[in-house]
Structures are given as C-alpha cells and as structure tokens.
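Participant: Residues in the sequence shown are numbered consecutively from 1, following the working numbering.
Just so you know, the hints here were simulated from the structure itself, not pulled from any lab data. As the structure is a computational prediction, the values presented were derived from the model and not from experiment. The reader is advised that the hints may include incorrect statements.
Unchecked claim - When the alpha-carbon atoms are kept at most 25 Å apart in a straight line, the in silico SDA-like pairs for lysine to any residue are as follows:
1) Lys80 / Pro256
2) Lys80 / Ser100
3) Lys80 / Phe240
4) Lys80 / Pro149
5) Lys80 / Gly140
6) Lys80 / Pro228
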Amino acid sequence: MGERLPTPIIAGALVTNTWLRLLGSSLEPLDISEHYLMDFAESVDHSTFAHHYLRISDLGLRLDRLQSVDEHDGLGPDAKLLWCRLEYECLFWAVQLPTSLLDLRDGMPARPEAIIIHSLHNLVVLTFYATVLSRQDTLGTLLALRPVPGVLHYVCSLVRSVFICPREMLIHWSLLSDIQAATARIVLQLWRQTQFENFQGLLNLWDDALGRYPELAQEVRDEIGPGPWNIDQTDGYSVFWTFRDLRSLHLQDAFPHLAEATMSSPNTIVE
Numbered sequence: 001m002g003e004r005l006p007t008p009i010i011a012g013a014l015v016t017n018t019w020l021r022l023l024g025s026s027l028e029p030l031d032i033s034e035h036y037l038m039d040f041a042e043s044v045d046h047s048t049f050a051h052h053y054l055r056i057s058d059l060g061l062r063l064d065r066l067q068s069v070d071e072h073d074g075l076g077p078d079a080k081l082l083w084c085r086l087e088y089e090c091l092f093w094a095v096q097l098p099t100s101l102l103d104l105r106d107g108m109p110a111r112p113e114a115i116i117i118h119s120l121h122n123l124v125v126l127t128f129y130a131t132v133l134s135r136q137d138t139l140g141t142l143l144a145l146r147p148v149p150g151v152l153h154y155v156c157s158l159v160r161s162v163f164i165c166p167r168e169m170l171i172h173w174s175l176l177s178d179i180q181a182a183t184a185r186i187v188l189q190l191w192r193q194t195q196f197e198n199f200q201g202l203l204n205l206w207d208d209a210l211g212r213y214p215e216l217a218q219e220v221r222d223e224i225g226p227g228p229w230n231i232d233q234t235d236g237y238s239v240f241w242t243f244r245d246l247r248s249l250h251l252q253d254a255f256p257h258l259a260e261a262t263m264s265s266p267n268t269i270v271e
C-alpha cells in the first residue's frame, strides 16, 4: 500500500473537485470525508484567506453531497436538519470574515481576494436556493421556502454582485468567468420558473466578456429579448442583510442549537 498523500494535496484535490462540480462538471465526487476540509481549516491561521477559502469550500462540498443524496435517495429522516444547518451557516458566513475580506464595492473598491471569496460564496448560496426553489414539492415544502418576492429579491442581490465583477479580474482569474456563467444558468432557470421581471434585467448585465460561453450568451439573448426591462431598483445591501437576519432568526427558532453550534465554533470570527 502506497504512502498517504500530504493533507494539503488531498484538500486541494477535494476543493478543486467540489468547485468544478458546482460549476456543472460531470466529474465524479471524491470518496473523502466531508469533514476533511474543516479539519484542515482548523490547522490554518484563522485570519488568512486560506482559512476562509477552505470554509467556503466546505460549504460547497456539503451542498454538493446533499444534492447528490437528494437526487439518488430522496429526502432522508435527517434531511431537514442537514439542509437547514447548511443554509444557516451560509447565511452566517459573511459576518465571520475579517475586515480584509469584506466586499465593500458599493462604498469603495474591494480587494481581489474579497471579490473572489464572495463570488464563491454567492455561487454556493445561489445554487442552494435555486435547488430548493426548483424542488417545491420536496425541499421547498421541507424548508418553508417559496419563490416569493422577498426570497427572489435576495437572490437578485447576490446575482448582481456576481455580474459586476471587474473585467480585469475576469482576465486574471478565469474561475470568476465560470462563476458568472453558472450564475447566468441559475437565473435562466429561475426566470423560466417564476417570470420574475428583475431576472431579465439582471441577465442583461451578464456579458460573456472573454467569449468562453457563446452558446449560453446566445441563449440568454434569445430568452430575454431586446428590452427594455422593468427593474425594481431595490437597495441590494439592505435586501441582503434584511433577508439574512430574518431567515437566520427563523432557522434559530426552528433549531435553537444551530446558533449555539455556530457561535461556539473555534473558527468563528465575528465582526
């Protein structure tokens, strides 16, 4: 039997596999414990990008595995707790970041690492809600989430954040271009499901700037038409935090131990 690979290499392979799968790759999942990334993250300086990158990758890994279980085996007896715990931790993630990783683009330029990590977080959260909203008879009912304006406006605030990524960053980090394309697919799905008008205007914000997704870009153009689009100019910052706070309170009420478990986590950094 060969020697065990170093932990950073195994973690790197698991992180790469996770993000590629969330971006739509047909790669098979790796047979590695879902606790591996968080165990490794605890050994990394909690103030660094690496630590928080591992944390958001852990959320992505858990989402990918919950989706796979639901698709193949349906909802098990622990499904509600597992999905609610993941949602709660996704909502709580942003307030655990150090100041250097906050995305402050509405007020001042954000650092590149902040844009990258927030784009990854947005992909996880958008995939989470798109999955739940598309499975109304099962997950939607289980989690009490419906495609109502309050939820959809929150989704729109995340989408806009993804699409306004600076072009120079797309050139340097192609992953951001992939995240934008994955987001466009999610918005197309939600537009076809809900006919929520803001989705048309948001899709118009997406520009396949690097020419990597010509077929998807044409599909978007064919779907949304020439415009004009009636966009509700809701303050995305206010929508984000209002939804986050109210939904978190709901989840805490349903599962009181969620807040205690998250707050007591040794990796928590609360601003």
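Participant: Against the earlier hints, flag every one the structure doesn't satisfy and list their numbers going up.
Facilitator: 2 and 6
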